[in-house]
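Asks: Here's the letter readout for the chains.
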Amino acid sequence: MPDAPLLAAKDLHHAFGPVEVLHGVDIDFRAGEVHALVGENGAGKSTLMKCLSGYWQPAAGTVLLDGAEVRFRDSGAAEARGLVLIHQEFNLADDLTVEENVFLGREIARGPFLDKRAMRVRTAQLLAQLDTHVDPRARVADLSVSDKQMVEIAKAVSREVRVLFMDEPTDVLTGAETEVLFGLIRRLTAEGVAVVYVSHKLDEVMTIADRVTILRDGHHIATKDIGTTSEHEMARLMVGRELADMYPPKEIRPDAPVVLEVRDFQVPGSVVSASFDVRQGEVLAFAGLVGAGRTELFEGLLGLRPGHGTVRLRGQPLRLRHPEAAKQAGIAYLTEDRKGKGLMTEMRLRPNLTLQALERYARPFLDEAAERAALETAQHEFDIRAARLDVLAGTLSGGNQQKLVLAKIMLTTPDIVILDEPTRGIDVGTKREIYFYIAELARQGKAVVVISSELPEVIGLAHRVVVMRSGRITGVLDPSRMTEEEIVQYATGLKDEGDGYGHALGDAVA
Amino acid sequence: MGMDTPSATRSPSGLARVLRRVDWQTFTPLLGLVALFVLGALINPVFLSPNNLLNVLTRSSFIGIIAVGATFVIIAGGIDLSVGSMAAFIAGAMILAMNRWNDDIASNVLVILLGVALALVLGLVAGFLNGFAITRGRIEPFIVTLGTLGIYRALVTYLADGGTISLELGLRGTYRPVFYGYVLGIPWPVVIFAIVAVVGSILLHRTRFGRYVQAIGSNADVARYSAIRVNRVKTLTYVIAGVCVAIAVVIYVPRLGSASGSTGLLWELEAIAAVIIGGTALKGGSGHVWGTIVGALLLTTIGNVLNLTDVISQYLNQAVQGLIIIGAVLLQRGRRG
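Residue numbers (the numbering used here), protein chains in the order written: chain A, 1 to 510; chain B, 511 to 847.
Treat the hints loosely; a few may be bogus.
[Said to hold, decoys possible] Below, simulated EDC-like cross-link-like pairs (lysine to aspartate or glutamate); rule was C-alpha separation at most 16 angstroms, straight line:
1. B:793 x A:359
2. A:201 x A:179
3. A:148 x A:135
4. A:224 x A:210
5. A:50 x A:74
6. A:339 x B:731
[As the list claims (entries may be wrong)] On the chain B side, residues computed to face chain A include the following (Cβ under 7 angstroms):
7. 607
8. 610
9. 611
10. 612
11. 718
12. 725
13. 731
14. 732
15. 736
16. 741
Don't read these hints as lab results, they were simulated from the structure. Yeah, the Cβ is synthetic: ideal placement off N, Cα and C, and Gly gets one too.
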């Protein structure tokens, strides 16, 4: 591996308004290496990447490409020099085809006309190189999330990328897709591309990265060769202190009464049939692969999408036609899509916090002082870190956004709390805070359902685990059987016990 | 969860902070209106005479009242193109009904009150139908209201048999003061406009309903996941728009005492223009009723100033309005990133 850095930053500063978020970061990236950036939410990883790839102009400091100082007017100028950032939210035109996207803005033309054939051939070559089955003529809107990411990468590769910045690339990928991505990354680095890899998943960092840089509160903390560090050390450096136990102790309550009974619940197109009980004071986890129907099951239960079945709340029949009825029944749902369905990113924190429980602040006219007081209380209780309380919700870091959504749904004082991927895309310190909060909810006697694709989290938190596969429940595991191997076997179909209520062998959803 | 010290930072200088935080672009329409007043006064001293100013306010009131309703629709992420022809239809139906009732009912005042009630009911129903088709039928608001625009315009032309529907003279005399009369020296239309504006402003900014309207325009999915009855709230915004149209008709009918196929032509565009000039985003999510009022006043004042000067032909009125609309949006763009 050559030692001269391809891209380097010296004493880089950046500020949003009066708030400085990068305080003089030094970092370098070598050709052919995977350089991971890790840190808590708000540590400055995204800001650093955007300063290096032309999206933002650093307030001070220098950026060196091949040893020469560069300044990029915008991201297009950076891309022209081979510095490409792939966003968490993709920059693809949904209504255009894959090939049209790959060549968007740089179309191959013969005279005044587009040379569609040349573009299709070139796109097919690129996609083959990436080992994907994506059809160059497919409309991007019809692709799965992971295929969209492949298209983004193909687009970057077609631009003769030299430094590829990837922001949480595996957040939306399944295990197998992650393997494909890693293979691709290795091929790119073999050709001398530097890959900058931002992730919260420290095990992935250990697998794919050559070096790792830890950021904390906008400061460069350490850069280490991956062979000389460990997940534990990275976590410690990120948080700045020893992390005590990641998961709170579980209180066992074998005989707690059943709060919510669900029998033969069906959601057209997603859930064939599901029956299960949720007990008071328990954390019930729903595990399974992406697409197993877990989110759809609970959205159906809460009236967010069509579904039918028998539901009883403390023995009384319950029919939820609309989320408002769920709220009145004391059931709250935290969506997995916090930016799309959880927060109004262009509004301030206060209206976001009180939106779901607004009737408490209307007497009959809205009492803004009471709303502000609620925000201050929530800020303390959930440790929401914002530069100011009147910022827009979209400017918060991912972890703080999640705390805000959590505070928002808890303002309705629910008895049953359904949390869908509550720690997706957030850092290890905030994750731990959320785990302890979940345990505290259960201790207070609330029934908590956690839908999660992270098995350590499922095992660390749950009193029981329900595993789903292709729209059906394949097993309900108690602590004696709660291991990653066991859960994976039920999630992939190697083992199948059904839900124990007679619909064990229904047809899986295609 | 952790009880660490809250890390909200405070910038050092209080005044500087306040000045920085004031959203100056919010006030550009108001500054534009002030500039127009200065210009008007310089061009012709008559402009600032109380009579002329009241005249401007009175003329603003139709579009202003309709625009208050349109503000709700647009903030919730919708659009209502039907308000102009809805106004014509309600005016025509109201006049026909009053003429009919006049034969049986002795009291003119009672006939007019019944007519007003009918207008309000028609506005409410028409707005509801728009909202119902949009939410239940899941059709784009642009399409639905483009359809009802055509339907109401055709209905009023049909009712008038291609001509003009006129209010009977006796009723006209009784009804006349609602447009030409004064309360405490202020014309009735202006008083009604002010009431609509205040009620609309309170509804939008001080009630749950208003907050829900903004939430839906900002992100309808978030609203739905927050247990808000999105369809109900959206439909209500169209009902408000319909009722505002009816109120505007109630003060419009006594002005001319008639309605025809060309009544209220292009009012929908003027109402939308007033809302946009007032700083409401066409994609919804945020806006102010007072901004809309300023927008409506601005549009009328342009016409008035052009009337008082020979520098620009008054035939260019709409061109100037068009420039102002585009300019207003350009000035506000910085804030929306």
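Asks: Run the structure past the numbered hints and jot down the numbers of the failing ones, going up.
Replies: Hints 1, 7, 8, 9, 10 and 16 contradicted; others consistent.
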